[in-house]
Amino acid sequence: MNYYFMPRIEGLKCSVTLSNFPCVEGERPWSLEQVLHVAWSDHSLWHVRALDTVSPGKSVVCTCDELPSELPNDISPFFFFHPKKLPSTLDRLIISDLMLTSPNWRANIQLSSPTTSASYQGEYPGSMIGVEKGTLLSLGPLVQLKAELTSKLILVNLGAAPGNEVGHVRFAQMSKQKILLEATVRRNHCNIIDLSTLNCDESDDPVCVFSNDLTGIPIFLTHDLRFTKMSLEHTHPPAEMLVFGDRGKFQKQMKGWWLSKINKYADNN
Amino acid sequence: MPTIIKKILRQLYDKPFCDHLRAWLGIRPPFFIRPLRMLESISDLFLWRVDDTWETQYELMNLPSLLVPDKTAIDSVTIIIYDARGNEISRSIIKLNPFESKKILIRSLLKGVTGQGTFGCFHSADSMDEIQKAGCYLVDRQYVSYSWKDDIFFNYAHGNIYGLSKLATENKTRSLVPMQRNTQVYRPQLRFDDCDKFELIYSNPAKEPLKLLVRLFDDNWNEIERRSSIIPPRGLEVLKFDNSSRELVLVENQSQIGLCRPVIFKFYESFFDVLHG
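As you go down the protein sequences, you meet chains A and B in turn. Under this note's numbering, the first sequence has 221 at position 221, and the numbering climbs by one with no breaks. Under this note's numbering, the second sequence has 44 at position 44, and the numbering climbs by one with no breaks.
FYI, nobody ran anything at the bench for these hints, they're computed from the structure. Treat the hints with care, as some may be off.
Derived pair list, reagent style DMTMM-like, types lysine to aspartate or glutamate, alpha-carbon separation capped at 25 Å [as the list claims (entries may be wrong)]: (1) K197(B) <-> D150(B); (2) K58(A) <-> D218(B); (3) K252(A) <-> D126(B); (4) K58(A) <-> E199(B); (5) K13(A) <-> E199(B); (6) K13(A) <-> D224(A); (7) K152(A) <-> E55(B); (8) K13(A) <-> E247(B); (9) K249(A) <-> D126(B); (10) K103(B) <-> D224(A); (11) K252(A) <-> E100(B); (12) K13(A) <-> D193(B); (13) K71(B) <-> E240(A); (14) K13(A) <-> E269(B); (15) K152(A) <-> D204(A); (16) K7(B) <-> D246(A).
Which chain B residues face chain A? A few, computed with CB under 10 Å, are given here [what the hints assert, rightly or not]: (17) L63; (18) G86; (19) I89; (20) L105; (21) V139; (22) D140; (23) R141; (24) F154; (25) L190; (26) R191; (27) R246; (28) I264; (29) Y268; (30) E269; (31) F271; (32) G277.
Here are the simulated distance ranges between beta carbons [as the list claims (entries may be wrong)]: (33) K85(A) <-> N97(B): 30 to 36 Å; (34) P114(A) <-> K133(B): 51 to 57 Å; (35) E223(B) <-> V131(A): 40 to 46 Å; (36) G115(B) <-> G256(A): 43 to 49 Å.
A virtual CB, placed ideally from N, CA and C, is assigned to each residue, including glycine.
Take the sequences, apply the hints, and build the full model.
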C-alpha cells in the first residue's frame, strides 16, 4: 500500500490525482471500490479522515483548498486508498501488500501557478514506511543555480510510527569536499528547504544531499521568480544506478562510504 | 512443498542465459533480459528534441566512481545518438574524472541534424568489476532536461526504460527488451484534462519494429480517439493532441513490450511540464 504526499509551497496550488485503476493489467482487479483517506501526524498519533469513495476506474483530484480544516498549516497531509473507512486515529500507518503492483501504483502530485504546472508521477512506497530511521544519499545534479532562478529541495519522509522528530540534512560538493548547507527537517513531513543561499557556482561538481538521521524522497523544484516556469523531479536512490543482482547490499556499502566521508568533511569544516 | 520446488527451479533458471532462452522461445519472456556478459554497461533509451524550438541537455555523471568511490576511476562514456527512425547519427566518447559530471548539450553531438530521436550512454571504468562481483550491471538512467532554445531554464526528467547494453570493447549495442507474446496494456495513472495541448512520446528499445496502439478516453473510459503506429528499433514516435475541448482525460497504450511508458509533455500558458507516465 503506497502513500501520496502534498507539499505546501507558498504561491503555488498543490493537487494530488489518485487513480483507482492499476497501470498494468492482470496485477490487481479493477473491481474494488476504495475509500480515499488523508492522514497527518502529531507527536503521538496519526489523525485520519475519509475524504471520498472512489469507484473502480475513476480518478479523483485532491487540492490543497479541500483539506480538512483541523489539519494544522505546518503539518503535511498524506493520502492513501483503503477498501474500508478507517477510524479517525491510528497508532501506526497501515503496512500491507494491498495495491502492490509492478511498476508501483502511482499518483500525480502537481504544483500549479496561475500560468503553468509541474508534476511528479510517484508515490511514497509502502516498503519504505517500515523503515524506522534510515539514511539519505542523493547524488544528483538537479539544482539550477542561476540568476533569477530559485531551487528548493522537497524532502519527503514518512514512517509508520507517528511523530515529528527533527533530523538533519547536509548539502555538499564532493570534488570540493565542502559542506554547503545544513538544515533541519521533520519526520512525517514534506520538508521544503530553500537552496537560494547555497554558496557555490553551477560547476561540474553537483550538489549532493546526505542525512544520517532519516530516509526520504528528495525532489527538486526549480522556478523563476514569478513561477512562470517550473521544473520538478526527484533524484534516484543510489541502487537505481544498478540493475539485477544484489543491489541492496551494494547500496548499503556505498552509502556507508559516502556518509562517513561527509561526516569527515563536516568535522573538518 | 510446491514453494520449495519453485525456489529450487528458480535458482536453476535465474540466469542471464535462461532470460535469453525464454525470450528466444517466447516462453514467458521477462520484461528485460540480462546481458550475457557481466561487464556490459546498460543505458536507458533517452529522448532528445533539438530544433528551432527545443534544446536538450544531459547530465552525464561518472557513475562508476559514485558506486565504487574508493577506487577513483576515470569513466569513459560512449554516447550514441539515433534519429527518430532509429538510424545512428553520431557516436562520441567523453572521459570523466572521478566524481565529475558534465552537462552535455545534445545539439553539439548532432552534426547539424535537428528534430527528435533517442540516445544511450554506456560507461566503462576499471572499477566495474566490483559491480560485476555483486551480480549487478551498471545502468545509466540519469537526468535529461529540456528547454526552449536559448532559454536558461531546464525542465528535468529522469530515464524511464532500460533499453540497450554495450560492451566497452565492441561497437555493437544490444536490446534488453524482448517482444512479449501477449499484448501488454499500460495506463498512466494521471489525467490529461488540465491542459489544451499535450504530447505522448514513445520510444522502441526492442530490436524489432514495435506496433503501438494508443487509445484516448473521456472520464468514463469511453473511447474518443485512437492512434496506431509502427516504431522502428531505437526510434520514436511523437503523438500530438489538441485538447482544447478537455475531452481527453485518460490514456491507454498497447504494444508487445513490457512497461511501454510514454514521456509526456503537457503545454500550459507560460511553460511546459515533462514527466514519465
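Are any of the numbered hints broken by this structure? If so, which, sorted upward?
Checked against the structure, the hints that fail are numbers 18, 19, 20, 27, 33, while the rest are satisfied.
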